[in-house]
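J.: Each chain, written out:
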Amino acid sequence: MTAILTNLFDGVAYGMLLFVLACGLAVTLGLMNFVNLAHGAFAMAGGYICMVLVNRMGWPFFAALPLAFVSSAAIGIALERTLYRHLYARSHLDQVLFTIGLTFMSVAAVDYIQGSSRVFINLPAALQGQFDLFGVGIGRYRLMIIVICGLLTIALQMVLAKTRFGSRLRAAVDDPRAASGLGINVPQVFAFTFAFGCGLAGLGGALSAEILGLDPYFPLKFMIYFLIVVTVGGSSSITGPFLASLLLGIGDVAGKYYVPKMGPFVIYTIMIVILIWRPNGLFGRTAAR
Amino acid sequence: MSAASDVGYHAQRQARWHYGEIAFWLIVLACGFAFPSRYLIMTDILRLALFAMSLDLILGYAGIVSLGHAAFFGVGAYAAGLLALHGIVKEPVLALIVAGLAAMVLGFATSFLVIRGVDLTRLMVTLGIALLLEALAERFSNITGGTDGLQGIEMQPIFGEIPFDMFGKAGFFYSLAVLFLLFLFARRVVNSPFGLSLRAIKNNPLRAAAIGIPVNRRLVAIYTLAAFYAGIAGALFTQTTAIASLDVFAFERSADLMLVLVIGGTGYLYGGLIGAVIFRMLQELFSTITPQYWQFWIGLVLVVIVLVGRQRLHRWVLYVPNLIIRRIAGRKAIVAVPESDS
Amino acid sequence: QDTVKIGLILPMTGGQASTGKQIENAIKLYMQQKGDTVAGKKVEIILKDDAAIPDKTKTAAQELIVNDKVNFIAGFGVTPAALAAAPLATQAKIPEVVMAAGTSIITERSPYIVRTSFTLAQSSTIIGDWAVKNGIKKVATLTSDYAPGNDALNFFKQHFAAGGGEVVEEVKVPLQNPDFAPFLQRMKDAKPDAIFVFVPAGQGGNFMKQYAERGLDKAGIKVIGPGDVTDDDLLNNMGDAVLGTVTAHLYSAAHPSQMNKDFVAAYKKAFGNRPGFMAVGGYDGIHLIYEALKKTGGDTNGDKLIEAMKGQKWESPRGPISIDPETRDIVQNIYIRKVEKVDGELYNVEFATFEAVKDLGKTKK
Amino acid sequence: MTIALETQNLEKQFGGLRVTRDLSLKVEQGARHALIGPNGAGKTTVINQLTGVLKPNAGRILLEGQDITDLPVHKRVLRGLSRTFQINQLYPDLTPLETIGLAVSERLGHGGDWWRRMGTRSDVNGETADLLSRFHLLDVMNEETVTLPYGKQRLLEIAVAIAAKPRVLLLDEPAAGVPESERHDILAVVGSLPRDVTVLLIEHDMDLVFSFADRISVLVSGALLTEGPPEEVARDPQVKAVYLGEEAVDV
Amino acid sequence: MSDLLAIDSLRAGYGEAVVLPKMTLRLAEGQVLALLGRNGTGKTTLINSIVGVTRRFAGSIALAGTDVTAMRPDQRARAGIGWVPQERNIFRSLTVEENMTAVAQPGPWTVEKVYEMFPRLKERRSNFGNQLSGGEQQMLAIGRALTLNPKVLLLDEPMEGLAPIIVEELLKAIGTITRSGGICSIIVEQNAQKILGLADRVVILERGTIVHDAPSAALKTDPSVLERHLGVAGAAAH
Ligand SMILES: Nc1ncnc2c1ncn2[C@@H]1O[C@H](COP(=O)(O)OP(=O)(O)OP(=O)(O)O)[C@@H](O)[C@H]1O
Ligand SMILES: Nc1ncnc2c1ncn2[C@@H]1O[C@H](COP(=O)(O)OP(=O)(O)OP(=O)(O)O)[C@@H](O)[C@H]1O
Ligand SMILES: CC(C)C[C@H](N)C(=O)O
Ligand SMILES: [Mg+2]
Ligand SMILES: [Mg+2]
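So the protein lines, in turn, are chains A, B, C, D and E.
In this text, residue positions in the first sequence follow the working numbering: the first is 1, and each later residue adds one.
In this text, residue positions in the second sequence follow the working numbering: the first is 1, and each later residue adds one.
In this text, residue positions in the third sequence follow the working numbering: the first is 1, and each later residue adds one.
In this text, residue positions in the fourth sequence follow the working numbering: the first is 1, and each later residue adds one.
In this text, residue positions in the fifth sequence follow the working numbering: the first is 1, and each later residue adds one.
By construction, these hints were calculated from the structure, which means they are not laboratory data.
Some clues are possibly wrong.
Taking lysine-lysine and the DSS-like style, the derived pairs with C-alpha atoms no more than 25 Å apart in a straight line are [claimed, not checked]:
| # | chain 1 | residue 1 | chain 2 | residue 2 |
| --- | --- | --- | --- | --- |
| 1 | A | K261 | C | K268 |
| 2 | E | K172 | A | K162 |
| 3 | C | K93 | C | K362 |
| 4 | C | K69 | B | K169 |
| 5 | C | K137 | C | K295 |
| 6 | C | K222 | A | K261 |
| 7 | A | K261 | C | K295 |
| 8 | C | K341 | C | K93 |
| 9 | C | K268 | C | K294 |
| 10 | C | K41 | C | K93 |
| 11 | C | K294 | C | K28 |
| 12 | A | K261 | C | K362 |
| 13 | C | K69 | C | K294 |
| 14 | D | K240 | E | K172 |
| 15 | A | K221 | C | K42 |
| 16 | C | K295 | C | K268 |
| 17 | A | K162 | E | K113 |
| 18 | C | K28 | C | K338 |
| 19 | C | K42 | C | K28 |
| 20 | D | K240 | E | K151 |
| 21 | C | K93 | C | K222 |
| 22 | D | K240 | E | K22 |
| 23 | A | K261 | C | K172 |
| 24 | D | K240 | D | K55 |
| 25 | C | K93 | B | K169 |
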């Protein structure tokens, strides 16, 4: 019983982590309809920035986290203004080409600057280790991830579904020309959203370093996971990717625990089955694009 | 000229051979004699070109995106490897066809999963299939050699006559012949009513069905054919390198393929061939200059290609050839205007 | 012809890039120290990236042999890459110097292969023996699911079981594995005395962090294994949880010889960080090439070079080593080390030595 | 008189919304039948069910007496049921020549032919040329459809539907977006169809409807309100109240 | 009365193509202008140029005395331009209601008032844009433009696809709205007869140039102008 609960806890934490990492992509891909395969590069940027601040400059971890968000968002906005915005109207294949190109560049650049060895972020003692809750081992760090991600999810869902910003964003995506003719400042909406997505990625990168490790190949290694989360979740809301992340996280952890031999089968099988059952993802809108 | 024959004439416009095309193939053949020390990389390009052509058949013509085309490449590769390793089919050409057929069977079986859904779903389902196969190949390491790959493959001479040499000369001309034959076949297919109906489906599946096209059946057919092509490419890979390892299924292989095709342009068959040349040459160039950071420069090139725009680049690159061709033939090179993508 | 060309094929990009970098650095260092001429010939290195993908290795090797007419191929970050190049070495009759890959079978695949790294059998059998003798009775194993991992597991099990130990849980993890949590939980639930771990160097950090997070250290479960998991390259970054981890390995940056101290100092000066066992493999590999050339007097005939390499004996930063004339594999000391803090930094401190260990993987066959 | 197209107790729901309610409609062979009704009455939805784009929740559809309810879209076309769309559904990258040529090939059963080149069959060429000239598309036949002016695209939309040599043709607002002066071209073409071809027209342009139809069905909220010859429908006070308004219709 | 909309020597088009060579047009408060012309004469281009989504080569546009030439489309919209595009351009992943609330600006026209005018929309309020019938989309496009509370209402073929009874109501409504103060409207329409009753003034375009500009009353008595420019025999003779 406790084993089940422990695994559930680990799975949820892992899923939440995937979610923070991927939800920026859910925003850019799902809502803005922009295939940003360089998403992981922003996550990596956030991770390395946090690492440098904490390990090299001695910042406290909790001060470095927001800065990881802000600086990734800043990088995001800079790139959006200079490069990305020219590509919204282009075909998906062009977007793929462009963002893979950026990813390659980021990988090589980080390799050049930071070396190719894996790095970790020094955690405060308060976040290390486990405590026992009714016999269930609760990792402190994982608990923190769950709390942060949970709050984030709720906030995001509120913003996107309940506010006018959300509908203006979707309008701008559906038909940028008409949207601008009807009073929506499309470039601004896009830039803000994009930056926010990058910021989330950066935060995710910083949070994930402890569990997934951080090296220059991060954006390539986890690209597939991000894409799985977004497609399985569907693009109509944040709830979809959130549930998909949880499902994958729990499925992956349980799979590894109970049938370690099956290796990566579990995730891929879950994905294929779900996509065949619901081709637009769990929360996709069927009458879509 | 009556209206009907006029219509016939224009309908065959795309199917007619252009001087540019003939020149293209002559140049390719000439390369085989001009650079005898570069057979290996050129063979590599040919394989990649064939593989890309396979993707072009489904992406450029039928609009099916795939990030898992390596699945078929991999099956072809392992099939050819196993056939040779266990001496089941010794003659390479025959083994090539058998391997292609194996991939084709897989293509047919999975096509039903792939034709559903939107682009993103297709991307992920195809990717998932390739990754599953990779995991399977890893699992059944007693058959596939696992992470170590199939080792110790020895290829018999082609038709029992022409042995594969270490310099890769036989491999090159063998690959070229296979590529050319399959190209001819593909060219014929895409210019048929069947090929046209694929483009119609890509453009507007709703209307396609509304003029009586059995959309799903056509998609299944072309997907299966493309799988055959990819399987052949994979088998060529094994036969010319005498190795098959897990990364024939890898995501990177499918992703590279996508890059190749997007660089070259989709929907006119030459895109994969041109893209393969450009991509491999760049890779070779950059990784010679800097084995560590070549990815940066490749990335930069990709970014620039997109920002400048492929159409414009093609126009620049083909400015001189076009000038010459127009002089001689009074028309533009066939490769001048790649169709844009879905 | 007065140059000797060495085709160096390494993973310079991709997940194994740090292996490639260490080896390349070590070779650069060696050539700085010893000069780039030997036996009157200029040594030229041609570096190719194979991203640890065997078919790229093979194409690279072929290109190097056919076009660049190299006299050696060297490097090889992973086992499949080393294997892929083997038939070419045989065909071209040039030496293949394996500087990283660690599966036993490699040297059997071509009479032209020599190895200056290590085999997993060497360290795994030693730690297996050591474990039973030091009161570890129940072990759970966690190994990466590929050839080197399986070598490590099998040789460990043989020796551990022979001594009366019991393996209570056996888990093979995928090579590319982001999160160890569920596996570690399994380990924890099995309540062993120790976990035997082999994961490729880069992942050691992840493993050790999560080992500590899950409180396995506090539960009194030790970590033992070949030294990859506490690779010097990453060790200092892993946090205090690694303290006390006991591994058997060929090299520690803390190896107390003067030669090693100089080596570490020079490496640090040149590249800013500590050398790991990969670096040593490269350093010794290029040394072997130099020595062979010296012995042949600059003759680059492959057969003569291989003959010259067989039986070479020298002092390396890792200690005394030699090339077994029969198997062309390395014979070296294996040290039992424990992670300790030295001057505020984490090191693998050697406390027991097994001398001149041959590859047991081969003698068994 | 034979019935060309018939629905029996057709039902369609979107979520909770009943868009087609127990609809039983008969269209006689050779009829010029119009289907009118307020916006959102469910006219397009009926067409979509007839052609197989949507599956009805209940009820049957008969084409010339045969049940086609479960046939896929393309099979219905091959049986002689063809349509135009309210919003053009064309192939942006294909030329009119290719579009029509393909439609003709498909109907003649050559669509799956993967070996013979396009344009080498004289029967296909002849018919394609004929259609292109009837629809004034010969001069633009080699231009990509996207680049054509809207009016031409609309003509092409209808030409494609007719290329299928339908026995029953469904027209969903064929005149939408077509200027006054060109509407008559379209009407003329449709009018020149052989008398045994049955036409079902949806249109909000009452001038067009009343000059064309010999029978009109009025659909309101998914159900049939009334049906009859044009004069009768035009006079019906209910129809005036929900649809026609005060507009004076000259019949 | 001052001009609410003033277009001066506007030269506009798409890419390199100039569709409107030199357009000058003024519209006063309370006026309803009918914009007629054959296919492809530039009616939509004129509307779109006022909105700001075409390429402007030269000339200026002023709205209620403010020069809006340099403004982006969204700024113009907020300055008081309400647009019903020819293709309707309903945001497909927004619900009916969101389609309006996303762009709404404060003023007399609220979502509720639009619902009063088109009860059909209220029934469909939570349908997504791509789940509407053709006519419903048209209604929504009009309602959406109204919730912007514009000073200048630009309607590009707004009657297309609407049931006759709705068309009647819509025409009345446009009249009322425009004349209720502070607003002027431009209606593009294919069927001249439909709007002659409503419009104060008729402008006919040919190749991007105004070839006829006169009060609509004049046209009612003299159908030959329509015949000449539009090729329709007064369109009334049925
Ligand atoms: N996919 C869908 N989901 C939910 N409701 C839908 C969907 N498609 C259509 N509807 C609704 O069904 C009703 C009927 O639509 P339909 O398009 O058939 O009307 P119509 O009679 O053709 O109207 P119009 O004359 O305006 O074109 C409309 O109210 C529409 O909102
Ligand atoms: N996006 C575009 N790019 C280039 N040219 C265009 C574009 N849109 C329209 N045109 C051209 O501009 C000219 C005017 O078109 P416009 O759409 O303004 O005409 P219109 O009077 O509104 O016609 P309609 O009655 O068909 O709506 C036409 O010749 C058309 O081909
Ligand atoms: C221990 C590692 C150096 C083993 C290496 N990755 C191999 O494949 O042999
Ligand atoms: Mg309709
Ligand atoms: Mg217009």
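J.: For every hint, state whether the structure bears it out.
T.: A quick look at each hint next to the structure:
1. K261(A) to K268(C): Roughly 41 Å between the alpha carbons, so the hint for K261(A) and K268(C) is violated.
2. K172(E) to K162(A): The given pair, whose Cα atoms are some 36 Å apart, is violated under the 25 Å limit.
3. K93(C) to K362(C): With a Cα-Cα distance of about 23 Å, the restraint between K93(C) and K362(C) holds, given a limit of 25 Å.
4. K69(C) to K169(B): holds (17 Å)
5. K137(C) to K295(C): violated (49 Å)
6. K222(C) to K261(A): Status holds; Cα separation ~24 Å.
7. K261(A) to K295(C): Since the Cα atoms of K261(A) and K295(C) sit roughly 50 Å apart, the hinted pair is violated (cutoff 25 Å).
8. K341(C) to K93(C): Roughly 48 Å between the alpha carbons, so the hint for K341(C) and K93(C) is violated.
9. K268(C) to K294(C): violated (29 Å)
10. K41(C) to K93(C): It holds: about 20 Å lies between the C-alpha atoms, which stays within 25 Å.
11. K294(C) to K28(C): Holds, because 19 Å separates the two Cα atoms, which is no more than 25 Å.
12. K261(A) to K362(C): violated (28 Å)
13. K69(C) to K294(C): holds (20 Å)
14. K240(D) to K172(E): Distance of about 18 Å is within 25 Å: holds.
15. K221(A) to K42(C): violated (40 Å)
16. K295(C) to K268(C): Not OK: K295(C) and K268(C) at ~31 Å, beyond 25 Å, violated.
17. K162(A) to K113(E): Since the Cα atoms of K162(A) and K113(E) sit roughly 22 Å apart, the hinted pair holds (cutoff 25 Å).
18. K28(C) to K338(C): With a Cα-Cα distance of about 30 Å, the restraint between K28(C) and K338(C) is violated, given a limit of 25 Å.
19. K42(C) to K28(C): At roughly 14 Å apart (the allowed maximum being 25 Å), K28(C) and K42(C) satisfy the hint.
20. K240(D) to K151(E): violated (34 Å)
21. K93(C) to K222(C): violated (47 Å)
22. K240(D) to K22(E): violated (45 Å)
23. K261(A) to K172(C): holds (7 Å)
24. K240(D) to K55(D): Between K240(D) and K55(D) the Cα gap is close to 32 Å, so the pair fails against 25 Å, i.e. violated.
25. K93(C) to K169(B): holds (20 Å)
Figure legend: structure checked against the earlier numbered hints; hints not met, in rising order: 1, 2, 5, 7, 8, 9, 12, 15, 16, 18, 20, 21, 22 and 24.
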